[in-house]
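**Q** Sequence:
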Amino acid sequence: MQGMRARADLGHAGPVSGSNVGDFIQLLKPRVMSLVVFTALTGMVAAPGSLHPVLGVIALVAIAIGAGAAGALNMWYDADIDAHMARTAARPIPRGRVTADEALSFGTVLSVFSILTLGVLVNWTAGLLLAITIGFYMFIYTMWLKRSTPQNIVIGGAAGSFPPMIGWAAVTGSVSIESVLMFLIIFMWTPPHFWALALYRCRDYERVGVPMLPVVHGPQETRRQIWLYSLLLVPLAVSPALIGLAGVVYGVTSVVLGGIFLWLAWRVRTITEGREADAAARKLFAFSILYLFLLFAVMLVEHAVTRLMA
3 MQGMRARADL GHAGPVSGSN VGDFIQLLKP RVMSLVVFTA LTGMVAAPGS LHPVLGVIAL
63 VAIAIGAGAA GALNMWYDAD IDAHMARTAA RPIPRGRVTA DEALSFGTVL SVFSILTLGV
123 LVNWTAGLLL AITIGFYMFI YTMWLKRSTP QNIVIGGAAG SFPPMIGWAA VTGSVSIESV
183 LMFLIIFMWT PPHFWALALY RCRDYERVGV PMLPVVHGPQ ETRRQIWLYS LLLVPLAVSP
243 ALIGLAGVVY GVTSVVLGGI FLWLAWRVRT ITEGREADAA ARKLFAFSIL YLFLLFAVML
303 VEHAVTRLMA
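Sequential numbering from 3 applies to the sequence shown in my numbering.
No lab work stands behind these hints: they were computed from the structure. Some clues are possibly wrong.
Within a straight-line C-alpha distance of at most 30 angstroms, the following computed DSS-like cross-link-like pairs (lysine-lysine) qualify [as the list claims (entries may be wrong)]:
{"#": "1", "residue 1": "K148", "residue 2": "K31"}
{"#": "2", "residue 1": "K285", "residue 2": "K31"}
{"#": "3", "residue 1": "K148", "residue 2": "K285"}
Start from the sequences and build out the full structure, keeping to the hints where you can.
**A** This is the structure:
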């Protein structure tokens with residue numbers, strides 16, 4: 003209730019002075035949006051069949067707008083805690099550059115627009131998946147899981163895992179085992195990625211009462227869980243090369259990157275004291291972004307080259 007009152011206060015604080023286009027772009031979480039678009043593009047290129055280039059661009063733009071809309075709605079709901087976290091205090095609503103009501107309206111309009119655009123102009127399977135993604139991120143993760151359980155990232159990670167499946171569906175009009183596998187790679191990657199961040203940002207989450215795993219169960223359990231999820235992630239990430247979704251280059255790349263990922267996760271598991279522990283978590287967090295990017299980049303290039311040579 004206190005959080006809701008804080009959002010209400012922010013939302014009715016009167017007109018915002020000095021807001022500009024950049025503030026509304028920031029509401030869209032452009033860095034997250036770029037990863038969403040990239041993985042969705044990989045799903046589109048990897049999918050069998052073809053999509054008219056114009057429809058392909060429309061699909062990617064709609065997916066990007068939908069991802070941005072989810073980010074804006076997340077910032078609206080989390081404005082109360084964002085204001086007290088070092089990582090998020092400079093966001094537009096805590097800074098007073100955009101009101102909560104403006105963010106809510108902005109996110110809602112973009113959500114409806116992106117879903118209808120993708121559904122009407124491309125196909126409704128992709129449109130429905132985009133709607134599920136936005137709804138899951140907003141109602142299941144942001145409003146429910148984030149503030150109620152240390153498993154928030156595990157279950158909530160599904161929202162960020164849908165883009166390649168949406169891209170695949172935009173081309174094929176369906177969901178297949180290959181698109182589910184791409185979903186599962188991102189889903190399994192999410193916990194070690196975010197828990198590494200949570201290890202060295204633990205005080206931020208503790209201050210605002212968000213029950214991240216290191217806050218509720220401590221850093222040792224978090225390190226153990228990071229290691230276990232990493233052990234599950236690495237072989238899963240190799241599997242596209244085993245089922246024909248990706249080629250030899252992807253297979254070799256995923257093995258090499260997976261070895262590095264496991265080494266960094268093991269360092270997080272075993273280095274538990276002082277600045278070295280924070281440094282190990284930071285290195286895993288940074289590498290995890292590169293890891294996911296390179297996996298999907300190699301898969302994308304392999305399929306693009308195959309199409310050009312066909």
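**Q** A separate judgement is required for each hint: does it hold in the structure or not?
**A** Quick rundown of the hints versus the structure:
Restraint check: the Cα-Cα separation between K148 and K31 comes to about 18 angstroms, which is no more than 30 angstroms; the hinted pair holds. Restraint check for K285 and K31: the C-alpha separation of about 22 angstroms stays at or below 30 angstroms, so the hint holds. Distance hint between K148 and K285 is fulfilled; the C-alpha atoms sit about 24 angstroms from each other, no more than 30 angstroms.
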